[in-house]
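Construct the entire structure; sequences and hints are all you get.
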Amino acid sequence: MTPAGVLAASAASGDLFVAQNVFFGVIALVMIVSAIRCVTTRNVVHAALWLVLVLAGAAAQFILLGSEFVAVTQVLVYIGAIIVLFLFGIMLTKASMGDDDSVAGEKRLMAGLVAVLLAVVMGIALVDSYSDTRVVIDEPQRFAAVSDAIFSQYIVAFEAVSVLLLAALIGAIVVARKE
Amino acid sequence: MIGVLSELSYWQVTSIRVVAGLVAVLLVAGTLVYAHLFKMVSFMQSRLGPMEAGPYGSLQLMAEIGKFLQKEDIVPRRADRFVFKAAPFVVLTSTFLLLVVLPGGPDAWFISNDLGIYLAMAVSSVSVIGILMAGWGSASKYSLLGGLRATGQLIAYELPLLLAVVGVVIQAETMNLQEIVLAQANGEIFGWGVIGNPFIITQFAGFAIFMIAMQAELTQTPFDMPVAESELVTGYMTEYSGLRFLLFFIGEFATAGVFSAIAAVLFLGGWYVPGLDPADNLFNVIGPLVLFGKVVLLTFLVFWVRFTFPRLREDQLQRLAWKFLVPLALANIVVTGVLKVVV
Numbered sequence: 005m006t007p008a009g010v011l012a013a014s015a016a017s018g019d020l021f022v023a024q025n026v027f028f029g030v031i032a033l034v035m036i037v038s039a040i041r042c043v044t045t046r047n048v049v050h051a052a053l054w055l056v057l058v059l060a061g062a063a064a065q066f067i068l069l070g071s072e073f074v075a076v077t078q079v080l081v082y083i084g085a086i087i088v089l090f091l092f093g094i095m096l097t098k099a100s101m102g103d104d105d106s107v108a109g110e111k112r113l114m115a116g117l118v119a120v121l122l123a124v125v126m127g128i129a130l131v132d133s134y135s136d137t138r139v140v141i142d143e144p145q146r147f148a149a150v151s152d153a154i155f156s157q158y159i160v161a162f163e164a165v166s167v168l169l170l171a172a173l174i175g176a177i178v179v180a181r182k183e
Numbered sequence: 031m032i033g034v035l036s037e038l039s040y041w042q043v044t045s046i047r048v049v050a051g052l053v054a055v056l057l058v059a060g061t062l063v064y065a066h067l068f069k070m071v072s073f074m075q076s077r078l079g080p081m082e083a084g085p086y087g088s089l090q091l092m093a094e095i096g097k098f099l100q101k102e103d104i105v106p107r108r109a110d111r112f113v114f115k116a117a118p119f120v121v122l123t124s125t126f127l128l129l130v131v132l133p134g135g136p137d138a139w140f141i142s143n144d145l146g147i148y149l150a151m152a153v154s155s156v157s158v159i160g161i162l163m164a165g166w167g168s169a170s171k172y173s174l175l176g177g178l179r180a181t182g183q184l185i186a187y188e189l190p191l192l193l194a195v196v197g198v199v200i201q202a203e204t205m206n207l208q209e210i211v212l213a214q215a216n217g218e219i220f221g222w223g224v225i226g227n228p229f230i231i232t233q234f235a236g237f238a239i240f241m242i243a244m245q246a247e248l249t250q251t252p253f254d255m256p257v258a259e260s261e262l263v264t265g266y267m268t269e270y271s272g273l274r275f276l277l278f279f280i281g282e283f284a285t286a287g288v289f290s291a292i293a294a295v296l297f298l299g300g301w302y303v304p305g306l307d308p309a310d311n312l313f314n315v316i317g318p319l320v321l322f323g324k325v326v327l328l329t330f331l332v333f334w335v336r337f338t339f340p341r342l343r344e345d346q347l348q349r350l351a352w353k354f355l356v357p358l359a360l361a362n363i364v365v366t367g368v369l370k371v372v373v
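Protein sequence lines correspond, in order, to chains A and B. Residue numbers for the first sequence follow my numbering, so the first one is 5 and each next one is one higher. Residue numbers for the second sequence follow my numbering, so the first one is 31 and each next one is one higher.
To be clear, the hints were calculated from the coordinates, so they are not data collected in a lab. Hints are supplied without guarantee of correctness; some may be wrong.
Just so you have them, the derived chain B footprint on chain A, three or more residues with Cβ under 8 Å [unchecked claim]:
#, stretch
1, 49-63
2, 71-79
3, 84-94
4, 144-154
Only a predicted model underlies this, so the values are computations on that prediction, with no experimental measurement involved. Where a beta carbon is used, it is the ideal one built from N, C-alpha and C, also for glycine.
Right under this line is the structure:
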């Protein structure tokens, strides 16, 4: 997801992807502003709606990198399911209009600290592992290639995740049932 | 057609596609409102329907639009202004994005790649956010209840909708809607290929599930609890007036058209008619019209059901989705998968 990857690809193929770089900047700006508004707004519903913009921006960045499958999955899973679940839950329980001062009050300092720590650790880990790797984008990633990889190379991980999901599903039913 | 398109620059092709998209949304929505909502239901109820504006009332739609445009755009005092105003546009954006994957002929398409039906299913779920925004932003109990009902319903019926499509994807071996059309055009039913292989024949269970789930996704009767007028006024649209109500209204009928078009592409062969070569250049001209004809046919079914059946109860609605449609769709996938490998 780094601009370095796109730049390296354009350097490798000899021409500069001007449009891609411009749009990367624009989308990244929108994502940063939305992310900051998401944690600073005092209205829970607004926070969820700002989060929609952040996730949509991430999907757009994946499209710029030619990873269509990941981009569409991002929209389907995060925007179409998880955010809708958030909003649904908020509106069923507590959906007051206007600002609510109890949101993000005294925990602000701790939250900021955790966020900075996470950013530093993940940033160092990513730079350390991938700074020498260059992403080459010749053409959009084919769906068939993704499914081939999942069902051959990563089959064990895939099956493990599906068993985990099944366990979570059964667990949710057991917890929800009162007898 | 190809020759003309390849001589145009990128922005010219893009503007042609934008105009085509606008026409496809507005013209289809207008036709559906006039032919089905104004006329068909009137004939079913032994009355004439609108007759004054234009011949046979054909300009009634223009009169309605004029009426909505001159009405005041009222925002309730306690409403969240921005969320309230943005909600209809979110719903309409989802409709326009759905349109992008539809093919209208061998070269008449917006995008033709692997995304296809997967993208359509993903962006159709974005409209839920617009409905929740409208329900919450109106600061009205009717709207909030309508929004919550709509969301519960759309989540429940998205699953059978997606699972019904999987059978077609297995049989066509692609998610690209253009290639799904070609698979039906070039297909054979046990070696007999005169009419190709429209998947409505081999995937009839999938087609039935898709149409039922589509009816619920469009919140048409018998699945119209979110806008149940005897309980919730008009649900999440209650506080809207003027232009923004019109946008919701157009969105409702345009989405009915686009979903029917997706059903036509998946199950009725899309822009293809039997007897011609699918690579024929003629299809670039008549393809969109053929698709439009199939859309009118399928939306006729949708509105026929809408004006015939009474409203379901909330628990009946959820039971139908989770206990009947989802297992049936899963069984359809298993059978299709086994037959695909064996045959």
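**OP:** Quick one: which hint numbers does this structure break? Sort them smallest to largest.
**Re:** none
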